[in-house]
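A.B. asks: Using the sequences and the accompanying hints, generate a full structural model.
2 protein chains.
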Amino acid sequence: MRVLITLGGTSEKIDDVRSITNHATGQLGTMIAEAFQKSGAEVDVIASSSAHKPKESNHLHVTVIQDTHSLNLALTNLLAVHTYDAVIHSMAVSDFTTQTVYSEEQFLNQFNQWHQAHPTQELDKETFASMLGDQLPKKESKLSSKTDHLILVLQKTPKVIQIIKTMQPQTCLVGFKLLVNVSKEELFQVAEASRKKSHADYVLANDLTSIENNQHTGYLLDATGIIAQAETKQGIAQLIVNQMQNHANQGA
Amino acid sequence: MRVLITLGGTSEKIDDVRSITNHATGQLGTMIAEAFQKSGAEVDVIASSSAHKPKESNHLHVTVIQDTHSLNLALTNLLAVHTYDAVIHSMAVSDFTTQTVYSEEQFLNQFNQWHQAHPTQELDKETFASMLGDQLPKKESKLSSKTDHLILVLQKTPKVIQIIKTMQPQTCLVGFKLLVNVSKEELFQVAEASRKKSHADYVLANDLTSIENNQHTGYLLDATGIIAQAETKQGIAQLIVNQMQNHANQGA
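Chains A and B are the protein sequences, given in the same order. Here full-length UniProt numbering is used: position 240 in the first sequence is 240, and no number is missing along the way. Here full-length UniProt numbering is used: position 155 in the second sequence is 155, and no number is missing along the way.
Treat each hint with caution, since some may be false.
Pairs count within a copy or across copies, as identical chains cannot be separated in the list.
Claimed, not checked - Mimicking BS3-like on lysine-lysine, the simulated pairs with C-alpha atoms at most 27 angstroms apart in a straight line are:
#	residue 1	residue 2
1	Lys53	Lys159
2	Lys197	Lys156
3	Lys197	Lys146
4	Lys184	Lys13
5	Lys53	Lys13
6	Lys196	Lys146
7	Lys146	Lys13
8	Lys159	Lys146
9	Lys125	Lys146
10	Lys13	Lys159
11	Lys146	Lys184
12	Lys165	Lys146
These aren't lab readings, by the way, just hints derived from the structure by calculation. Predicted, not measured: the structure shown is a model, and the values here were computed from it.
C.D. replies: Here is the structure:
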């Protein structure tokens with residue numbers, strides 16, 4: 001059995017010394033990778049540079065990435081080289097990447113120019129988008145702090161997870177959905193929607209408010225609904241390993 | 001001799017799962033703290049949660065902080081309790097903290113409302129500021145990604161370093177200035193300006209492009225100009241320890 005596990009969280013650069021980071025310790029993903037290695041599987045890991053990582057071995061290889069772009073490349077390369085029985089996509093991937101950074105002065109100046117030129121017109125999305133596209137301020141290596149407000153415009157990133165089933169439709173894909181302080185009903189509903197959208201076979205649903213140290217409540221869902229629950233990171237890791245083994249055997 | 005060392009980089013929350021992070025490994029600050037401990041000094045450290053930290057001992061205590069606000073509290077508390085011969089402020093502190101986060105829709109809607117109400121008026125800083133203040137969208141625990149663009153408005157944070165000489169005018173303060181790929185002339189000029197502004201006795205000037213693993217070019221400046229240079233993190237750490245000891249002896 002060969003599995004690919006993504007863990008940690010991506011960081012999108014604002015400038016050379018600042019970035020927007022998705023918090024993720026990588027602890028759960030590391031335990032999942034170690035549990036798969038114990039089970040005798042060949043394990044490939046894509047981890048963010050700041051995350052906890054499993055120890056490399058002849059049967060466990062780690063690729064380190066920084067942002068959604070480098071994640072995209074690493075994922076595409078590995079999926080092109082190896083055929084995976086399962087892909088466990090536990091990495092917290094930025095939904096947005098930095099498009100433009102304005103000082104308050106640049107920003108107001110740009111809007112007032114447009115305002116004067118179009119006194120009666122409404123600023124719609126298309127105009128706004130072209131405005132941003134047209135006038136990207138030259139990327140500074142480090143933002144000056146000589147302004148009271150900075151305006152960051154972030155752009156939606158393409159959903160990296162979509163690549164997985166596109167390149168390997170036969171693989172068993174486990175997605176992750178983390179929400180913060182929502183009802184179980186909402187958590188399951190949102191998780192199922194994201195499972196469908198990413199063409200994942202399973203989704204591990206969890207809520208930040210039910211995660212503390214090793215206490216970690218996770219629900220494993222498939223098309224039929226909730227099929228299992230665990231209360232610790234180890235429990236979630238073992239749950240996923242077992243489920244992937246069953247899935248592989250049923251497939252065989 | 002008792003010294004206070006800040007190290008690492010602050011993280012300003014965007015929501016419960018995302019933040020704006022100032023990159024700083026904490027390696028240099030950790031070496032400085034260890035060098036001071038070796039020299040027999042009592043060492044207090046304020047470190048960001050993600051940074052490398054020195055091992056705690058009876059003579060070395062670490063306080064962990066997250067953002068500029070908690071840094072401010074920790075710094076104020078320690079400066080109120082202890083009298084420091086030297087404060088080494090190597091932490092990379094966010095210049096900006098998240099004030100408001102808009103979806104593209106919220107943002108355009110708000111701008112167009114103002115635009116309609118003031119067809120001839122220019123949007124000036126005061127109006128913009130009150131606009132932001134008036135209409136803070138309710139803080140969401142996790143931003144929805146159902147929008148093509150997010151607009152983040154960041155607000156300047158008060159310069160934490162100013163607290164140090166205000167509370168302990170007699171302490172010997174070492175500030176740090178990191179720039180990216182600038183000429184030595186510009187580096188020294190900007191570093192000297194920041195030294196003056198923060199009423200620091202010394203400033204350690206360095207350029208990100210001259211930092212790689214343990215290779216780390218640093219220039220120590222005081223009011224008279226460059227007084228020393230080092231090429232490694234250990235070198236910089238020893239430089240600062242020696243200079244603080246000389247300074248203390250001259251003072252005595």
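A.B. asks: All hints are to be evaluated individually against the structure, with a verdict given for each.
C.D. replies: Do the hints match the structure? See the list:
1. Lys53 to Lys159: within (23 angstroms within a copy, 36 angstroms between copies)
2. Lys197 to Lys156: within (16 angstroms within a copy, 39 angstroms between copies)
3. Lys197 to Lys146: between (43 angstroms within a copy, 13 angstroms between copies)
4. Lys184 to Lys13: between (34 angstroms within a copy, 25 angstroms between copies)
5. Lys53 to Lys13: both (22 angstroms within a copy, 24 angstroms between copies)
6. Lys196 to Lys146: Only across copies: Lys196 and Lys146 sit 16 angstroms apart there, 46 angstroms inside one copy, limit 27 angstroms.
7. Lys146 to Lys13: both (20 angstroms within a copy, 22 angstroms between copies)
8. Lys159 to Lys146: between (35 angstroms within a copy, 12 angstroms between copies)
9. Lys125 to Lys146: Between copies only: 14 angstroms across, 29 angstroms inside.
10. Lys13 to Lys159: Result: close both inside a copy and across copies, 18 angstroms intra and 23 angstroms inter.
11. Lys146 to Lys184: between (46 angstroms within a copy, 21 angstroms between copies)
12. Lys165 to Lys146: So Lys165 and Lys146 pass the 27 angstroms test across copies only (22 angstroms; inside, 47 angstroms).
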